[in-house]
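Residue numbers (the working numbering), protein chains in the order written: chain A, -12 to 172; chain B, 2 to 506.
Quick caveat, the hints were computed from the structure, so don't treat them as lab data.
Ideal placement from N, C-alpha and C gives every residue a C-beta, glycine not left out.
Treat each hint with caution, since some may be false.
[Claimed, not checked] With the Cβ distance kept under 7 Å, some of the chain B side facing chain A (calculated, not the full set):
#1 50
#2 187
#3 203
#4 218
#5 239
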Amino acid sequence: MALLRPSLPPGDRFGLLAEFPTPAALYHACEGVRDAGFTRWDAHAPFPVHGLDRAMGLRPTRLPWISLALALAGGAAGMGLQGWVSTIAYPLNISGKPFFSWPAFVPITFELAVLGGAAGAVFGMFALNQLPTLWHPLFGSQRFERASDDGFFISIESWDPKFDASATAELLRGLGATNVETVAC
Amino acid sequence: MNGTHNESDPVANQSSQTVGHPAGLGVLDPPDPDPLDHRAPLILGGPSFHDVTEAVARPLERPPTLGWWLCFLPSVAALGLLGVAIGWLFFEGVGVWGLNNPVGWAFDITNFVFWVGIGHAGTLISAILFLFRQKWRTSINRSAEAMTIFAVMCALIFPGIHVGRPWVAYWMFPIPNQMAMWPQFRSPLMWDVFAVSIYGTVSALFWYVGLLPDLATIRDRSRGLRRMIFGGLALGWRSSMRHWQVYEKAYLILAGLATPLVLSVHSIVSMDFATSQLPGWHTTIFPPYFVAGAIFSGFAMVVTLMVITRKAFGLEHVITMRHFDYMAKIMLLTGMIVGYAYGLEFFIAWYSGNAYELFTFKNRAFGPYAWAYWTMVTCNVLIPQLFWFKRVRSSLLWLFVLSIFVNIGMWFERFVIIVTSLHRDFLPSSWFYFRPTFWDVATMIGSFGLFFTMFCLFVRFLPIVAASEVKSVLPQAAAHPAVAPIVELERDQIPGGALPARSAV
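Take these sequences, add in the hints, and give me the full structure.
As structure tokens, then:
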């Protein structure tokens, strides 16, 4: 259940958490971890470091399609509601205009499309990011509290096929980590 | 001017000063006469990432100051007045206001249009300036967005309470009901219901998404109850780059949607008037004219609030004089657009050859409400011309006083459009002179009470500057500072911001 618990690797060890001094160091380290072939890992920074998604090898998100689908659904619902009300449910003769006088329905159709698109962007973002996830093993690390302040981190999870406690820690240190610690589940 | 030079030179000055000593405030003059080179840094004093966190988080971790109470208590008193005024209105009916035929709209709709307009600058700053990559917005966008939401709250009160029978206000929404009745969707008033309520909803979503990383920052700094509350609000945000990637896309989509939305909202508000047959309202220039006026008044309100807020919370190094300079220029531009619209209305009234139209405009400028018309022209067109002077744009006192004038002028603009067009009906026997009653004025003051109460609570309990966004425009935020030559670093208005990162990728 994403609401309370994230999906976790088996065992009592979540993985390794490495701290880096600057955004530039994090950027290079991410390139290194990506090139070493890791898949179950993440970078943490107090702001979105420019280009870091590509340094991590992340694929573009599907979010725009979710937003577009909901925008179209919102617009269709808007025109559909107004058309149905004006022709079937409660037809009113206004200045002799046709019952389905669609140009007058454009403003509300547009507004509902915007509402759908915005809701799609926000709640789609929550869904793709599996938020809310109120608890996470990383919150167990005292040091990790700085990830939202001025800390730059890489976390590698223990169920990554390439994961090896000592070798991976060595790799992270080689990439410039100032501190590497083990995070419990 | 040596001190000025140090202030404006991000490279020489990096981390030599801490946040607590924002020296050289109010200094706008760049040392170099070339405006493209050596612009003042967005954030003064070369703070570290942690300094930004401290500056943003500290105000809400300290007990409230005396200054805060001095703002909050009168605001709550005015909010109480709003409660009394609305209670009396509901008890007695809309007759407690000064309305009568033919002036069926006066203070209520004036306040509605005024408050919707105030909100528009917030969306402009958060969405349109975001799309145009104007990074200076990061210091003020959070509080401007909050202002938008509170202004929309104030605006939504008025259509709700002016209907005479507020207990059936739900008829405005397409809800299946026992009468099997449905709204009339060809009416701009119905468009308005959708436009303004969706505008409020989308603004709130946009604001919350922007807040999310900063809520996590507060959570990670606190213990006990505050940690639990902010932990819940932050939804478990863990600054993950995989999350940031989707988050940034969501923010971009929201900005892209909010931009046409904000332009549509005041256009639709103007159609409440423009689609009627009334001389003075029936004008095709209303949509762009209303949107420009909304941005004009909204920026005036942002300046009013920011002058106080930055002083009260010591944010002088984050909200710099450069921000005020830009906002003053936007007010100068939009003020002149509004002035052009005033002139064009008269030209069209004459050029159309329509006797009713011409009478309405002559009457507007020289009739019984001439005092209101010329107040409007003075406040909106003449006084803002002072923004041409750099001395005015770089003086907080001038900016504050002028922003108050613009606020007053823009309130009068709506009053003039609504009341002067209504008070001379086609039949002279119906002519009427609207005078506000005590309850008209009380409701208006009360709406300001609601607005300022909400704003006081916001600055007290939530991070008022988007810390994560400010951090991302600091020079050291670039992943590859060494890649870009130092000349480019200085030329770009964002010291080390977008430019090096782009060349890195």
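List in ascending order the numbers of the hints, as given earlier, that are violated by the structure.
none
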